[in-house]
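Same order as they appear, the protein sequences are chains A and B.
Mapping the first sequence onto full-length UniProt numbering, position 74 (from 1) lands on 74, and the numbers just tick up by one.
Mapping the second sequence onto full-length UniProt numbering, position 115 (from 1) lands on 115, and the numbers just tick up by one.
Since the hints were derived computationally from the structure, they do not count as laboratory data.
We put the beta carbon where it would ideally sit given N, CA and C, even for glycine.
It is possible that part of the hints are untrue.
[As the list claims (entries may be wrong)] DEER-style ranges, computed between Cβ atoms:
#, chain 1, residue 1, chain 2, residue 2, range
1, B, F256, A, A85, 39 to 49 Å
2, B, V383, A, R349, 42 to 52 Å
3, A, R11, B, W213, 52 to 62 Å
[What the hints assert, rightly or not] Within a straight-line C-alpha distance of at most 20 Å, the following computed EDC-like cross-link-like pairs (lysine to aspartate or glutamate) qualify:
#, chain 1, residue 1, chain 2, residue 2
4, B, K282, A, D387
5, B, K282, A, D206
6, B, K44, A, D387
7, A, K300, B, E369
8, A, K65, B, D113
9, B, K44, B, E369
10, A, K307, B, E371
11, B, K116, A, E67
12, A, K307, B, D284
13, A, K71, B, E369
14, B, K257, A, D109
15, B, K116, A, D70
16, A, K65, B, E190
17, B, K115, A, D68
18, B, K115, A, D70
19, A, K350, A, E338
20, A, K307, B, E369
21, A, K300, B, D284
22, A, K161, B, E267
23, B, K116, A, D68
24, B, K115, A, E67
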Amino acid sequence: MFAYYFQLGLRSLRRNPLLTALMVMAIGFGVAASMITYSVFRATANNPIPQKSDQLYAVQIANWKPEDLDKSEPPDALTYTDAVALMQAHRARRQTALYPVGPSVVPADASQLPFRETTYAWYGDAFAMFDIPFLYGGAWSAAEDGAHAPVAVLGKALNDKLFNGANSVGKTINLDGHDYRVTGVIDTWNPQPMFFDASNTQGFGDPAELFIPFTRAIDQQMGGAGNFNCSATPGSGWEARLRSECIWIAFWAELPSAAEAAGYKRFLRGYAAEQQHAGRFNWAPNVRLRNVTQWLDFEKVVPPESKISLLVSLGFLLICLVNTIGLLLAKFMRRAPEIGVRRALGASRKTIYAQFLVEAGAVGLAGGVLGLLLTGLGVLGVGLVFDPQIARLATLDFSLMGLTLLVATLATVLAAFYPTWRAAQVQPAWQLKSN
Amino acid sequence: MQIKPILAALKRHKAGTVLIALQIALTLAIVCNALFIIQQRVSKLVRPTGVAESEVLTVQNSWVGADDATAASRTKTDLLALRGMPGVRDASFSNSYPLRGGGMSLGVKTDPDVKKPITGATIYYSDDHSIDALGAKLIAGRNFLPQEIRWVGSNEFDAPAQVIISKALAHKVYPDGSALGKPIYLALGETGGKPSTVVGIVERLQVPWSGNWASNFVEYSVLVPYQSTGAFGSYIIRAKPGQLDALTKAVPALLFKTNRMRVIPAERGVRTFAQVRDEAYKSDRGMAILMGVVCAVLLAITAAGIVGLTSFWVGQRRKQIGVRRALGATKHDILSYFLTENLLIGAGGVIVGAALAIGMNLWLVSHFEMERLSLLYVVVGVVALLLLGQGAVLAPAMKASRVPPVEATRSV
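Work the whole structure out from these sequences, hints included.
What follows is the structure, given as structure tokens:
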């Protein structure tokens, strides 16, 4: 019966090609707009480390006076003083302070120009904390962190560039004229959004290709390649920078259980209270411990453009569906005489329902196919609307294709319920009489 | 035209009436807000920067393995080479420039004893060539003198004796227009500090940031007579007329010839000011385009929906129209019947739609730091949708008016 109804549906759609085209286009445009904006939203609202997002916590400590805070939220980074104090306390299972740095890589081959990669200065623990896969070697040791050792871990792309992808563990690279020994090469690792440095990247940027010990970067007086925010002018020189109340360092703690997280929060409050007693803070302890998803939410990595355009597109789809309800109603009611004949010949209401819902489903499917084409085009054009760093994450994969067809068909069938109900209410006698 | 019979007829088509009205209402709500978003974004991206945009090239430079002394001497060598290049009108070196994206800001005060600055302002490291290289216009006072320029480390900031500020900032801190020759204090949350005398005022110079958060100090700029010895910085190069294109290739070539221990990023390293502007406002422009497309398609679909449903109604009522015509109604009567019917439905739709538009805007305001919708947009939207409805109904209504009276005598 399904195949027969489908055929009937196609025949009826061919009868008013204009009306059919109108419905298919409305659904196609509505679904495509929603899917294009959804693809962007999906990319920006992604959980970059699902297996650990509730075990990794970003730390915030209010080191500025309450009137300098935005809605009494502590700043989204730490001072050098606090980051080092938390590292030394070592109260989490693993922890790392980190900040982006900008050393230049000087190739051994003098004919090649120096270049720069996205580089982070952090502690050896970070690799295990963030589940970073290694191709060769491994992280540097805690002893090397303590010794401010000139060691480095390379990203896969950088290792390909410098060593043609060979195992480079033990070899040296030159950063800003200083030699660093390679302890490991990581496999491709590019969490999006870049949760570990959401405050500088706003979540999206080029993948990190080079990592050096935090302690070494501080020794080398590597200024940050990121934000440096102050509530008072820091004074002159590197030492003043380290002593200042300016914030520029992120701090992450790995706390596998809720109990450990609660314990760490108590520790942070205690630390802030100590600072208050010591006279550094003249206000009550104000600290935050946010896991990855809470952190991304706090840093607003989903751009408002993405949310607004998704909402507007959903509204657009809704209008397209209201439009489709109206057109289907017109289309079905025009066939009242035909329905009357079928009913008089013994068709039940149920079969009328089935016939018209299948017909609507066919319209929906056609709309979905058009929507798929438009979504494909739209995803290519996302770069015109959104930041290229975000646009390249929006892709038309199989799940999005399936979703497009599903949403189109389902929405149309839903929209068809009322017109179908009306069609099924047609009184056979009345229709036959007037004929 | 009598409205009563129309209302009576509409009662028999409740579903269709409600659907058209609902569609008009939702369309109005979205179109009003989309147009408002477009207007806000466009007004942002047409803001002038105060830079001679068609003549400026920017180059982001960082030195490799240079300490403060060598970085300063290398930068000086670069500047001499750039200024001597054919096709270059002037060149300067700075920490940032308008619309660059990243930069430095400090608070500005006129009273050293208060803690809270009057406003934030951006700090541009400059020398006596900067104003000419940017193409900014000095409208009062003087430029920096060569002997006033100091080379300072990247971790140092100490208020300079002289500053040049933008006109907007001058009016903000000295509203009576007397800023020239007066002191300002560059600081953050602390009291005290050294005064900096305003020696010059430029007509306009935008801050490096294009985000909404910077919109309350978008033209508050301070030029300080400092050059940074740090490894990072940008060259601002002003081309002679017609020379910009040639310089985009020639400048990096010359810089690498002068000294190759430098990094000029492959992406975004060398940009004309047109590219700078393009990239700074990419998402604003994109949002405006997206909303424009949504509006256009939405209006088209709504119009098509009205055409579709009204055609259906006309088809259904051929017999009644025939009867009316036979009883003496003119073509014009039939035409105006359908136009009035549509106007009534449209009126219902836009009343609900106006409320929805305002509600949607209030929701956006509370969630996305948007501004309140100006009522003008609602009025324009209402008129546009009513006209759209009338336009859409015209073709089916004309068709209805051509139904011959003889139709009354036919059964179905």
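Against the structure, the hints come out as follows:
One distance hint, 39 to 49 Å for the beta-carbon pair B/F256 and A/A85, holds here, with the actual separation near 44 Å. At about 45 Å, the beta-carbon gap between B/V383 and A/R349 stays in the expected band of 42 to 52 Å. The hinted window of 52 to 62 Å between A/R11 and B/W213 holds, with their beta carbons roughly 59 Å apart. This hinted pair checks out: B/K282 and A/D387 have alpha carbons roughly 7 Å apart, not beyond 20 Å.
Distance check on the hinted pair: B/K282 and A/D206 sit about 18 Å apart at the alpha-carbon level, within 20 Å; holds. At roughly 17 Å between alpha-carbon atoms, B/K44 and A/D387 fall within 20 Å of each other, so this suggested pair holds. A threshold of 20 Å between alpha carbons decides the hint, and for A/K300 with B/E369 the separation of about 13 Å falls inside it, so the pair holds. For a cut-off of 20 Å, the pair hint linking A/K65 to B/D113 stands: about 18 Å separates their Cα positions.
Note on B/K44 and B/E369: the hinted pairing holds, with a Cα-Cα distance of about 15 Å set against a maximum of 20 Å. Annotation: proposed proximity of A/K307 to B/E371 holds, straight-line Cα distance about 16 Å (limit 20 Å). This hinted pair checks out: B/K116 and A/E67 have alpha carbons roughly 10 Å apart, not beyond 20 Å. For the hint pairing A/K307 with B/D284, the CA-to-CA distance comes to about 14 Å; that is within 20 Å, so the pair holds.
Restraint check: the Cα-Cα separation between A/K71 and B/E369 comes to about 15 Å, which is no more than 20 Å; the hinted pair holds. Annotation: proposed proximity of B/K257 to A/D109 holds, straight-line Cα distance about 18 Å (limit 20 Å). About 15 Å separates the Cα atoms of B/K116 and A/D70, which keeps this hinted pair within 20 Å; it holds. Under the criterion of a C-alpha separation no larger than 20 Å, the hint pairing A/K65 with B/E190 is consistent with the structure, at around 12 Å.
The suggested pairing of B/K115 with A/D68 holds, with an alpha-carbon distance near 11 Å, which does not exceed 20 Å. Distance check on the hinted pair: B/K115 and A/D70 sit about 17 Å apart at the alpha-carbon level, within 20 Å; holds. Under the criterion of a C-alpha separation no larger than 20 Å, the hint pairing A/K350 with A/E338 is consistent with the structure, at around 16 Å. Our distance criterion of 20 Å between C-alpha atoms is met by A/K307 and B/E369, whose separation comes to about 13 Å.
Annotation: proposed proximity of A/K300 to B/D284 holds, straight-line Cα distance about 17 Å (limit 20 Å). Between A/K161 and B/E267 the alpha-carbon distance is near 17 Å, which keeps this suggested pair within the 20 Å criterion. For a cut-off of 20 Å, the pair hint linking B/K116 to A/D68 stands: about 10 Å separates their Cα positions. For the suggested pair B/K115 and A/E67, the alpha carbons sit about 11 Å apart, so the restraint of at most 20 Å is met.
In summary, the structure agrees with every hint in the numbered list given earlier.
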